[in-house]
Structure formats: structure tokens, C-alpha cells
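Chemist: So the chains spell out like this:
Protein chains: 2
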Amino acid sequence: MQKAPILYDYFRSSAAYRVRIGLNLKGVAYEKHTVSLIDGEQKGDAYRALNPQGLVPALKVAGHPLMTQSLAILDWLDATYPDPSFLPGDKDERAHVLSMATMIACDIHPLNNLRVLKYLKGPLGVSEAAKDEWYRHWIAEGFEALEKVAQPHAGAYLYGDTPTLADICLIPQLYNARRFSVSVANYPTLRRADETASGNHAFADAHPDLQEAL
Amino acid sequence: MQKAPILYDYFRSSAAYRVRIGLNLKGVAYEKHTVSLIDGEQKGDAYRALNPQGLVPALKVAGHPLMTQSLAILDWLDATYPDPSFLPGDKDERAHVLSMATMIACDIHPLNNLRVLKYLKGPLGVSEAAKDEWYRHWIAEGFEALEKVAQPHAGAYLYGDTPTLADICLIPQLYNARRFSVSVANYPTLRRADETASGNHAFADAHPDLQEAL
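Read top to bottom, the protein sequences are chains E and F.
So for the first sequence, the UniProt record's numbering puts the first residue at 1; every next one is plus one.
So for the second sequence, the UniProt record's numbering puts the first residue at 1; every next one is plus one.
Just chain E, with the same shape it has in the complex:
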């Protein structure tokens, strides 16, 4: 029997959450190896020997090199398990979905993840209130644009009625926004996708609250 892939995971990591959703959407059973970000385990020698960047997620599939970076892992999963696809077949539609996904993965999430918030509080000595406003600022700027960009082609999900890479990136970002008490009231298209996804087991089962407690 083929060994199940091992996901190097942390329950609250948005990037790991994306990969959990992706694995679930493809129906790939996997084992979780928790890397505790709160204990700094990702920066330890043992994990760095596996992934020099010291970030989660990473995915080890038997017979393949360790993979890192959520978007690269999701691309590999999509090539390996083509059905259901994370991206539309038409190349203009694909560019639209990829653009929405990277609006989140490149322009929102990197500014608001743990290592950055720690740098603001530590070396920069930013107050808790100013840090929260920083968080809110990038969410608001990003979600406002995403709402406009998504609207014309959205359905039950961000693009049409089936989940795409854009939803895989959106749902963890919405979870994060709520955790920091950022209102998402002004983004009806994003909220609709979130509501749809909450009824889809692939998304629901990947939710941080359902991962093993640490």
C-alpha cells in the first residue's frame, strides 16, 4: 500500500489551511505532522533541515522530493489529481482566477502573517493598536479590490459555482480576518463564497477549529 502523504502543518497557518482544503478537494487522505509555530518549532534545526525556509506548509509524498510553498504544492496536486480542477480550462478565465488567488496570497496574507506581526511588535516596537490597524488596513484594501474584481464572474463561489484556487486562498484569509475582528460586512461576494464553502466538507473539514488541539 502506498504511504499517505505527510503534511507539515499548523492549524492556524493560512498557507497550511489552503493545502488542507486542496488535499480534501482532491480526496487525498494524508497524515499530519504538526509544526508548532507558537513554540517556534518551524525555526528549529530539525524542521530547517527539511525546509530551509522554516515555514509551513510542506508536503512529503512518497517517491517525490519534499514540496514547499502552498501555491506550488496546490499546483502539483492539480497536475497529479486533475479532477476536480482548481482552475478553469479557458486561459482567460484561468488568468482571472489566478489573479484573484494571488491578490490574496501575494498582496494580503504576506503582510499579516505571524512572523510579520512579530516583527512589528518586536524590533519596530509598534503598539498593539497600531499593529491591529496595520492588519485591518491590508485586509480592507485587499478585500475591497477583490470584491470588485470577483463580482462580475462570481456565483456561489468566487468564480462560478465550483470552488477554485481563489476560494482555497479566500477562506483561510476570511477566517483570519474574523479572528482579528475585522468586519467583512462590505464584501457580499466574498461572504457568499464563504457561506457556500462552509457547507462543503472539503473546506469545512480543513477548518482550524477542527484540527488537533495543540
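For the record, the hints were derived by calculation from the structure and aren't laboratory data.
Bear in mind that the values here come from a model prediction, so they are computed numbers and not experimental data.
Some clues are possibly wrong.
In this list, chains with the same sequence are indistinguishable; a pair is considered to hold if it fits within one copy or across any two.
Quick list of in silico lysine-lysine cross-link-like pairs, PhoX-like style, CA-CA up to 20 Å [unchecked claim]: (1) Lys131 <-> Lys118; (2) Lys148 <-> Lys32; (3) Lys121 <-> Lys131; (4) Lys91 <-> Lys60; (5) Lys118 <-> Lys43; (6) Lys118 <-> Lys3; (7) Lys60 <-> Lys3; (8) Lys32 <-> Lys3; (9) Lys148 <-> Lys43; (10) Lys26 <-> Lys60; (11) Lys60 <-> Lys148.
Fit chain F to the known structure of chain E by using the hints.
Modeler: Relative to the frame of chain E, chain F by itself:
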């Protein structure tokens, strides 16, 4: 005659620089429409009506919707003009190259671009020295990891001897690092790719110094 694609461009934007390299590698002639980031033109109504996110680059190809987000545009170019490809055909190698590209595009560049540096100096009141240290910190952390990840499979470029998406992301980031006087001495693999690229017209012609003065 088919109209040439229009690139909404700014000479110093790393993301726009990536797309200039990509268009050149594919041998696609294009027209440039400069959006002056220094004058805030990207946030003006005229440009926002085209691209609600108010960022460069954007690419308009006749008969296709406007495209935004450099990685989405590069993916579209790669699908439309398959030769030479930006990514290896083998899916494990492809994941490796995509991982390196997103280490730059998701984990370095978003923290160091103009809108973020402006927020540090403005709302957060961070000193010039602390801002420069922030810049240096994310470059050093990212490049150290990238150097280790790239080394085993690097050739004249980051992956083998032909340019990939990883180099398309690296070269603008190296340009930026040097502009902020960040040493890249400790990253021989990155410097070798940079040296190779400097002798390749597709990269050299995309250099910010060769774009129209503003």
C-alpha cells in the same frame, strides 16, 4: 495587423519588471503605458477603473480581458506562447521552480514594496533607519533560504541552464536589494543567475535603467 499588447508599467516596479522579462523571453513586442507610482497615478480614478486594485502591472491583449497580477499574467503568457517555457515539464521540477518563484513573490517582495514602505514611514512613524533594517531583514531571511533551496539544482540560472519563472522573479528582487544597498555577497547561486541573466537580452532589455525616463 494584430494590435500589440499594452503593458501598464512602472520602471521600478518589481512586478512589472517581471512581466517585461516574460514578454521579452517570449519574443512578444508590446507597447508601454506608464503608470507613475511616484505620482500616485495607480490610485487615480482613471487607472482604478481599469484595475480596481490600483497596482501595476496590468496587461491588455486585444480580444482578451485586462489581466492583472504578475504571476497570473506570466502563467497566461506561458500558456499562450509555450516556447520557451517558463517552467520545467516534469511536475516535481515544476513544483521546485514554482516554490522558488513564490518564495520571492509571496515572502520577500510583498513586504518591501512601495505601498508597504510608505505605510511604515507614514502611519507607523518608523524611522528611515528602522525602515531600511526592515527591508534588509526580509531580503536576508528570504535570500538565505532561497540560496539553500536553489543550490542543489542550480546551473547558470536558478534551475539548470535556462531561465525559469524563478529567475524572472529573482532578477527584479536583486535589482531592488542593490538599490537599497543590501549586500548579496553571501548568495553565490543567486549572483550566478544574476550574472547569466545580465547577458541575456530578454532580461537586460527589461532593466529599469533602460525604460523611458519619467
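Chemist: So, for every hint listed, does it hold in this structure?
Modeler: Status of each hint after checking the structure:
1. Proximity of lysine 131 to lysine 118 under the C-alpha cut-off of 20 Å is found in both arrangements, the shortest distances being 9 Å within a copy and 15 Å between copies.
2. In this assembly of identical chains, lysine 148 and lysine 32 lie within 20 Å of each other by CA distance neither inside one copy nor across copies; the values are 36 Å within and 25 Å between.
3. Taking identical chains as interchangeable, the C-alpha atoms of lysine 121 and lysine 131 lie at most 20 Å apart whether they share a chain (7 Å) or sit on different chains (14 Å).
4. With identical chains, the CA atoms of lysine 91 and lysine 60 are at most 20 Å apart between copies only, with a shortest distance of 14 Å across copies and 30 Å within one.
5. In this assembly of identical chains, the alpha carbons of lysine 118 and lysine 43 lie at most 20 Å apart only when taken from the same copy (14 Å versus 29 Å across copies).
6. In this assembly of identical chains, lysine 118 and lysine 3 lie within 20 Å of each other by CA distance neither inside one copy nor across copies; the values are 37 Å within and 49 Å between.
7. In this homomeric assembly, lysine 60 and lysine 3 come within 20 Å of each other (Cα to Cα) only inside a single copy, at 10 Å, whereas the closest approach across copies is 46 Å.
8. For the homomeric pair lysine 32 and lysine 3, the shortest alpha-carbon distance inside one copy (13 Å) is at most 20 Å, but the shortest distance between copies (51 Å) is not.
9. Taking identical chains as interchangeable, the C-alpha atoms of lysine 148 and lysine 43 lie at most 20 Å apart only when they sit on different chains, with a minimum of 15 Å there against 38 Å within one chain.
10. Proximity of lysine 26 to lysine 60 under the C-alpha cut-off of 20 Å is restricted to the intra-copy arrangement: shortest distance 16 Å within a copy versus 34 Å between copies.
11. In this assembly of identical chains, the alpha carbons of lysine 60 and lysine 148 lie at most 20 Å apart only when taken from different copies (18 Å versus 37 Å within one copy).
The structure fails to meet hints 2, 6 from the earlier list, while all remaining hints are met.
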